[in-house]
Amino acid sequence: MKKLRYLILAAALMMTLGVMGEEGVLLQLKNGSIVGFAFSGKPTMVIGATLEIRATETTVSYDYNEVKRVYWGEVQPNSVSSTKDNINSDVVFRINANGLNVSGLANGERVSVYDTAGKLVTTAVSAKDNGTLNLPLNQSGGIYIARTQSGVSFKFTR
Numbered sequence: 001m002k003k004l005r006y007l008i009l010a011a012a013l014m015m016t017l018g019v020m021g022e023e024g025v026l027l028q029l030k031n032g033s034i035v036g037f038a039f040s041g042k043p044t045m046v047i048g049a050t051l052e053i054r055a056t057e058t059t060v061s062y063d064y065n066e067v068k069r070v071y072w073g074e075v076q077p078n079s080v081s082s083t084k085d086n087i088n089s090d091v092v093f094r095i096n097a098n099g100l101n102v103s104g105l106a107n108g109e110r111v112s113v114y115d116t117a118g119k120l121v122t123t124a125v126s127a128k129d130n131g132t133l134n135l136p137l138n139q140s141g142g143i144y145i146a147r148t149q150s151g152v153s154f155k156f157t158r
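Quick note: the sequence shown uses the numbering used here, first residue 1, plus one each step.
Quick caveat, the hints were computed from the structure, so don't treat them as lab data.
One or more hints might be untrue.
[Stated by the list, open to error] Label pairs and their calculated CB-CB ranges:
no., residue 1, residue 2, range
1, Asp129, Lys68, 13 to 23 Å
2, Ala127, Asn98, 15 to 25 Å
3, Gln28, Gln149, 31 to 41 Å
4, Asn130, Asn98, 19 to 29 Å
5, Pro136, Val67, 40 to 50 Å
Where is the CB? At the ideal position from N, CA and C, for every residue including glycine.
Produce the complete structure using the sequences and hints provided.
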């Protein structure tokens, strides 16, 4: 009987480990959303004209007036995952008041933004090498996925 209880307890513990998050740096934005970067992604915070977080998969930048607080805590996993390892990418995503700014693009590279239902929200094409695109987003209060034609992806809330 004790063995059975032990096995049930061990199985329950193993199931909860899969849904637990890991420690990381969290940004609480003024719109109420929280953006997290797990320590396994080796996030680096760069403070300059904007607040920039550099992780192994991507770089994001926020205007200071968009960030309510920065703190350490548990980063919750979600069902959205990157389809490609973006470690060597020169593409930089910046969230601003009007939408999304994407820089470091090749000439002719397309960037598309989708909602979590897979619906295309907006798309644009870079007109030059190392180009920058401003993708306006009229929607708010959702989770979005930006993806470049070369496969670099970025998940964000607005």
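Results for each hint:
Separation of Asp129 from Lys68 is about 37 Å and departs from the stated range, judged on CB atoms against 13 to 23 Å. Taken as a hint, the range 15 to 25 Å holds for the pair Ala127 and Asn98, whose Cβ atoms sit roughly 19 Å apart. Look at Gln28 against Gln149: about 32 Å separates their beta carbons, and that is inside 31 to 41 Å. In this structure, Asn130 and Asn98 meet the distance hint of 19 to 29 Å, their C-beta atoms being roughly 22 Å apart.
Between Pro136 and Val67, the C-beta spacing of about 21 Å breaks the proposed range 40 to 50 Å.
In this structure, the hints that do not hold are numbers 1, 5, in rising order.
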